[in-house]
Amino acid sequence: MLIEVNGEKKELNAPHLLADAINHWGYAGAPIAVAHNDEFVPRTRYATLQLQDGDRLEIVSPMQGG
Amino acid sequence: MTAPIWEVGGHSLTSRLLLGTARYPSLAVLQQAIHASGAGVVTVSLRRESAEGRAGSQFWNTIKELGVQVLPNTAGCKTVKEAVTTAEMAREVFETAWLKLEVIGDDYTLQPHPFLLVEAAEQLCRRGFEVFPYTTEDLVVAERLIQAGCKILMPWGAPIGSGQGLNNPYALRVLRARYPEITLIVDAGIGKPSHAIAAMELGYDGVLVNTAVARATDPVQMGRAFGLAVEAGRLAYQAGAMPVQDLAEPSTPVTGTPFWHSSPGRNP
Chain D
1440 MLIEVNGEKK ELNAPHLLAD AINHWGYAGA PIAVAHNDEF VPRTRYATLQ LQDGDRLEIV
1500 SPMQGG
Chain Y
128 MTAPIWEVGG HSLTSRLLLG TARYPSLAVL QQAIHASGAG VVTVSLRRES AEGRAGSQFW
188 NTIKELGVQV LPNTAGCKTV KEAVTTAEMA REVFETAWLK LEVIGDDYTL QPHPFLLVEA
248 AEQLCRRGFE VFPYTTEDLV VAERLIQAGC KILMPWGAPI GSGQGLNNPY ALRVLRARYP
308 EITLIVDAGI GKPSHAIAAM ELGYDGVLVN TAVARATDPV QMGRAFGLAV EAGRLAYQAG
368 AMPVQDLAEP STPVTGTPFW HSSPGRNP
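From first to last, the protein sequence lines stand for chains D and Y. One gets this note's numbering by counting positions in the first sequence from 1 and adding 1439 to each. One gets this note's numbering by counting positions in the second sequence from 1 and adding 127 to each.
Only chain D is shown next, with the shape it has when bound in the complex (with noise of 0.2 Å):
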């Protein structure tokens, strides 16, 4: 199934739960904020969440802000 992560679509084998999918893609330890279909997902959310065909992630992390 195809998943599209910040903006690029990503191939990813059906079917899997968000926490697999953010270890599979190297996110693991890094300090990111998850929205799934524009949605927030809390942390504590990742190990339920099943992905499906077509959803839309939107994975964040600290950067340099005024």
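Honestly, the hints are just simulated from the structure, not real lab data. One thing to keep in mind: the hints can contain errors.
With a cut-off of at most 27 Å between alpha-carbon atoms, the simulated DSSO-like pairs for lysine-lysine come out as follows [said to hold, decoys possible]:
#1 Lys205/Y with Lys1448/D
#2 Lys1448/D with Lys208/Y
#3 Lys1449/D with Lys319/Y
#4 Lys205/Y with Lys278/Y
Chain D is already provided as a structure; the job is to place chain Y on it using the hints.
Just chain Y now, with coordinates in the frame of chain D:
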């Protein structure tokens, strides 16, 4: 250790300067500039992170080492939904309920969108955020933000990054007079320490500066200059400035000076 001089959003601070962290030549210069300025609050942001990249971790570790309070922003958000989702993500990553709420209404001036700003502030205050709304100097928008639950307002001095200073001192003065109990911080448009002094002399509680320090020839020294300016401006406000008058009044007593004449006269 300097004694706290200011309570804001549940935190005791030792400086009335808030510093942005963007646009510095390097992380090392940023770190030195924060230290030299004495700022106890720095603004931070969130950006898309690539799986390979670890820029976010490096930046975040640098800030954590400084032990300053962070104020995450919602820079770039143009809708209420974007701002609220970004705020929730920021609260989790930065582990603070403080939020500099930006909802931009115009791409050229980066003017805050007053209606969406109020709507987003209402939602975020209900969700337990300490909202620092980046707003214009508009008095009625300020009233609506306060009704939404904001205890802090951050009116702009001028457009972000413009360095113009205080474009509407009258309106800023009216805001201060109208809301003596609200924490007011001038955010955006400050270009020089004299602008920060002017804001503090109006009775503002603090000043938020980024580009003026980051893009100075020597950001570290400019950071120090802003730290001193904010302190000088606050002291001047508390000391009470003399009234302005049209005509001169001799500062040296004239009675008894050589060649003194008691009647007003003209030059021969």
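Hints and how they fare:
1. Lys205/Y with Lys1448/D: Answer holds: Lys205/Y to Lys1448/D is near 24 Å, not above 27 Å.
2. Lys1448/D with Lys208/Y: Within the cut-off at roughly 23 Å; holds.
3. Lys1449/D with Lys319/Y: Roughly 47 Å separates the two Cα atoms, so the pair is violated.
4. Lys205/Y with Lys278/Y: Holds - the C-alpha atoms of Lys278/Y and Lys205/Y are around 23 Å apart, at most 27 Å.
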